[in-house]
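*Asks:* For the protein sequence lines, the chains are A, B and C, in the order given. Here my numbering is used: the first residue of the first sequence is 1, the next is one more, and so on. Here my numbering is used: the first residue of the second sequence is 1, the next is one more, and so on. Here my numbering is used: the first residue of the third sequence is 1, the next is one more, and so on.
Quick caveat, the hints were computed from the structure, so don't treat them as lab data. As the structure is a computational prediction, the values presented were derived from the model and not from experiment. Treat the hints with care, as some may be off.
Unchecked claim - Derived lysine to aspartate or glutamate pairs resembling EDC-like cross-links, with alpha carbons at most 20 Å apart:
1. B:Lys75 x C:Asp420
2. A:Lys269 x C:Glu861
3. C:Lys127 x A:Asp289
4. C:Lys406 x C:Asp420
5. A:Lys106 x C:Glu138
6. A:Lys269 x C:Asp153
7. A:Lys290 x C:Asp133
8. C:Lys358 x C:Asp377
9. C:Lys127 x C:Glu138
10. A:Lys290 x C:Glu508
11. C:Lys828 x C:Glu922
12. B:Lys49 x A:Glu208
13. A:Lys66 x C:Glu508
14. C:Lys896 x C:Asp867
15. A:Lys12 x C:Asp114
16. C:Lys896 x C:Glu933
Unchecked claim - Not the full set, but computed from the structure, chain B residues with beta-carbon under 7 Å of chain A:
17. Gln32
18. Asp36
19. Arg45
Glycine included, each C-beta is placed from N, C-alpha and C at the ideal position.
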Amino acid sequence: MTRRYSALSLFKEGLAGQTGWRPAWRSPEPKPTYDAIVIGGGGHGLATAYYLAKNHGIARVAVLEKGWIGGGNTGRNTTVVRSNYYYPESVELYGLAHRLYEGLSKDLNYNVMLSQRGMVNLCHSTAEMEIGARTVNAMQINGINAELFSPEDVRRVAPIYNFSADARFPVFGGIWQSRAGTARHDAVAWGYARAASRLGVDIIQNCEITDFIIEGGRCRGVQTTRGAIRADRIGMAVAGHSSVLAAKAGFRLPINSYALQACVSEPVKPILDTVVLSPGCGVYVSQSDKGEIVIGGGLDRIPSYAQRGNLPTLETVIAGLLEMFPIFGQLKLMRQWAGIVDVVPDSSPIIGESPLPNLFLNCGWGTGGFKAIPAGGTLLANLLATGKHNDISRPFDLDRFASGRLIDEAAGSGIAH
Amino acid sequence: MQLFPCPFCGPRDETEFHYGGDAGNARPDGTQVPIDRWANYLYLRTNPKGTTREIWVHMTCGEFFVMDRDTVTHKVLSSAALGGERAA
Amino acid sequence: MTASRLATGGSAIDRSRPIRFSFDGATVHGFAGDTIASALLAGDVAVVGRSFKYHRPRGIWGAGVEEPNALVDIGGPRATPNTRATTEPARDGLVAKSVNATPNALADRNAFLDRFSRFIPAAFYYKTFMWPDWHMFEPRIRAMAGLGKVDTDWTSPGTSDQINHHCDVLVVGAGPAGLAAARLAAGTGLSVILVDDQQRPGGSLGHRAGEIDGKPAAVWVEETVAALTAGGHLILPSTTAFGIYDHNLVGLNQRHSDGRPDTLWRVRPRHIVLATGAIERPLPFANNDLPGILSADAALAYLRRHAVLVGRRVVVATNNDSAYEVAQALAEAGADITLVDIRPDGMPATPAKVRLIKGRALAAANGRLRVEGVTLDDGTRLDADCVLVSGGWTPTLHLFGQARGKLAWSEARAAFLPGDPVDGIAVAGAAAGAVSLSEVFASSAKAVASLGQTKAAMPASTGPEATGGITAAWPIPGSKGRIWIDYQNDVTVKDVELAARENFVSVEHLKRYTTLGMATDQGKTSNLPGLALMAGITGRTVPEVGTTTYRPPFTPVPLASFAGARAGELMAPVRRLPLENVHRASGAVFQEYGGWLRPAHHGGGADADGTIQDEARRARQSVALFDGSTLGKIEVIGPKAAEFVDFIYYNTMSTLKPDRCRYGFMLSENGVVFDDGVLVRLDEHRFIVSCSSSHVAAVHARLEEWRQDRFGRDAVYIHNATSEMATLTVSGPNARKLLQALDLGLSLDDADLPHMAIGHGTYAGDEVRIARVSFTGDRSYEISIRADRAEPLWAHLRQAGQAFDVAVIGLEALMILRAEKGFIVIGKDTDGTTLPHDLGVEGPRGKRQTEFVGRRSLFTEEASRGDRLQLVGLTVPQGEAPLPTGAHGIRRSDGKLNSQGFVTSSYQSPTLGRPVALGLIERGAARHGEAIEIQHLGKLRTATIAAPCAFDPAGERLHA
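Please build the complete structure, drawing on both the sequences and the hints.
*Replies:* Take a look at the structure:
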């Protein structure tokens, strides 16, 4: 029986025909009660369960997943990991996630292939360079590494960018974060699932929430397609579906659901070594370790729950890509898809107790949930274990919408108005 | 590419439209509005999975209107000129 | 395999037009009408590439879009990596190179990897490379990634056309089912578009025998095409329907033989008939990936279309009837055929000259770089130079699935068939599970009938009436040897078993964990065998395992097709001034500001900064001209116009007198300052909203929304006149004198036209509106005139200005002038959190009694905080360089740095002889005179907080 992953175990299994491996996670029948229930078997939910067991010693935990783990946005994003944020609150949050990512493969004993190849956010005008400087200075003051790149620096990390004199969006420079990069998205979900399962967490797939059990004004459990399951601490991390569960629990959220599309080209030999984002072209792009060019852009224009790609946005995004990298005009699109994201007015997540006591929220990550998985899990686990915020999660409580203390990164970078 | 029926212009491509928010989200006036009520108006959304009633604007003619549609199937159920729905 | 070209035959090739091209450096001969694959086969080229992971030799498998193996990089001006050799027409002079092979497909230096395959099974990379660090290993693994190569010298051959079209019925697939459906639909008066991804219509009729309506199939195809063409219907060959999107919009990609880039079609049909055929599956046996093992149907296509006989000593292995025609045809063409049928009975008659071994399956293929023989499951060994396999047919339901059609499992067909119908979409032919031509035509008639059309009669066929009899032959768990499921990504039976062992039993987990079906062929031949194997391992049925989601595109589509003409300014248009050419002629250097292309400065060559300084200095000395045409001019008209502007603005505007104007803020509902500008009142019911250049569209949209939502269409009317009018600004101590040199037909006396007043005059017979507002702090006149009449006025102003040493200034100098005065630019000196009182405009918040946009948000906890960022000036000692814009004010506490705000605007003031700067600084309004540390890219400086206005604080120059 092989449990620990290593080059040695892989070699030994190679000699034995790879037959000694055991399930990466157990699939037990749900028990009637748990100490805590986590709704949603994506990255955030699985990480929450893992940190509940690891950090807080609470292992009588069930992760309830309506489909198969990692099947939502965890498996549909463009895998970028970064912490190039402006406001101190965001820096604390995404900085925590970034640090945890850096040790995650060893922590989970699962190679999530964090590839810190660096990311450059391009600036296309003097005005954008001024905002770039504002952002880089804020990051440095907040203790996050960042550099303000010159056009020559950009050319060094992305030589195939369109540097021609008549480029629609010339490069004035950029914001560089060398620690940014990509990670293998599925591996993050599976790695957390495996590690959580080993610590005793029950991962229950094909288990959809049909209702909440509410007694005395507090949430006491859930009704599911696999029966009633009770616990006095319930967390939900169901990106793209948050409003639907909130409605079952009797409250509304400041969320609209939109499709976010992504697509990949056919795999080609390495040609682009960093993550490049052009605000002018509205595109961010990287090349996967498989060779595919991974392309992301803006949201679709129409609120939707259909996980389905659409032509108008795709055409706009690809036009932007070819403006950035004209030689990609020889490539072909291999696959396009879409995930449903929670769009919040200030584009920051919501972490905290919901209007229904005992039910805790981890939602509203918009397009940026993947990079935050370790932090989202850590913070929701802390809330479930202690019932209280810590300093990092406090600013992201739902109450900020009434107090007016929004954390709007777009506002800080001068984009949104 | 979805087709939306502008009550004034007829069916047009989705790219000509802009989403305006939930229908029936009445604006509370005055400085004495409880802050929770104001925050609900500003931020809380029904965001249903399924049929929904929304305000849209057809940018090419500039007219706002109400549309009923399904957020999963993308089927458009009806559209009508604005008649004070948001205030209603 | 000893493949060869036969002396005669080949319906697709033109032997009078021989061609030559190169593959991996060797010359290949062929004929017009060949694909790269058919020419390679004719030349007996067995190894055409290498697989992704193990670098196994790969030969041609199929004859169409499903091809997993034969990918080539096309070089030259139309370079494109990873092109399927089975669909790409061979062209004279073409240069093709195998993918993932160095130096070539036959002698790939990474072939050794296959020997380590036992140590690198599916998903091995998740289990290792963690110590010391993934970054130690990644570069080497990354270097192995990818298939084809990007040509870095590539330049675009031109723009892809994009065409919108519509029709009553779009028929996808011009095989027998599609042709029949198109003809039936056309016969009932519907308009039809028929698309097919092959170069010629006909589909399987191009290589399968049959008679239709008493004629040879080829004749029926020609007649049908001719009838459709004559009826005005559109037939698009070489065109792939790659996606069905919302509301049944269909995306087509059309290839051209004349060197043009592909064309993207967006078709909106009322109905869609999917006659997309079916794809032949491989059979599972050890080493089933060896070159020389082909799809049986493909071998028939190469024979009948290209006159290529794929082997001399051929084993045909099958579990269904469709391979019998193949065996017969190849035997008739002279090949030695052994037919191995898994079924013990119930088969069609054995064709002449064909040896039948029934009730047996292949256990293994033998050979290293190409197949040399097979071993049957009873141990019998047969020599063979080619093995043809038919594992049954998978209906091509990708588009149906994309349209959210559900699939229904048919045990009898061993395949998924269309389930419940989807609105507007019918499925016909092999895609619907039809096998014989009569079944196919019946399904076409049914499909067209389902569109509500029933009049036409269906064609009658007398082709081979194959039964579709099949005995499923799925990969069996625990089988010996290495049995490939996904050829390109190297996924074997053992990998699927490993996935199951590790609990990756969900079909999506299987796909992601093993990469099954994620290669460039997107699993067209591998998905179903893979999930059937998973069903077998886990004791479930195939439908219980389910299918993965079908995602567009059906086959890879050039990125250039999606982009179309959207490049450069056609992707992101810039707005242009009416006088752009005039400015260019006088040496203006243009830059883009907020979407507008505007003069930054005039002349100066390398010393742009010096020129800008000079423009700003001269503007203060005498008089300056500035093109302010980008300023938003939105008219608000109607009985409730005054009430409306009161609601829109933070400041009370209804008290404004006619022909006067007032500066104010517009807020968002969250209280944040959205825009600033001057409101002009022309008469009781008529106002003009001036707004920031980059905000015109957004302001207009907001005005419309409040008008329609709150005031009503009849109460207010809104008209955006921004582009109708040019606005030319005259500013400086001599501004009035300059204006007096023109006869504008109005009094310029300050008594008649004081600061913040509007005057009406004429110039050369055109009305002009003159506003005494100032963005420089000097006496200024903004003259608005019809955009098409602005040029003579501008010329006149310049000419008359010579007497005053007039300075024509660009936006950069204007930015200095306004910064000297502490005038803000929204979005630069404010951000998305700035409230009006942060800018020192406290009055309306405390005093106004009537409702306005954003009002309640000015009284939240956050809005009332004492430590808000507030607008200030920042000064540095004379002789120091200006502060960098974007630098932060900092505070140290407990060894930690905190931002106290930031520099938003910063310039050298030529008039003051020192730098001026604006910033948003915590509690700044109460800290004038305090020193503050400023950090930029790690370097520290000290500045002093001051009032925003650094020049003429009393405002005397407005009236000077």
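*Asks:* Give me the numbers of the hints this structure contradicts, sorted from smallest to largest.
*Replies:* 2 and 17
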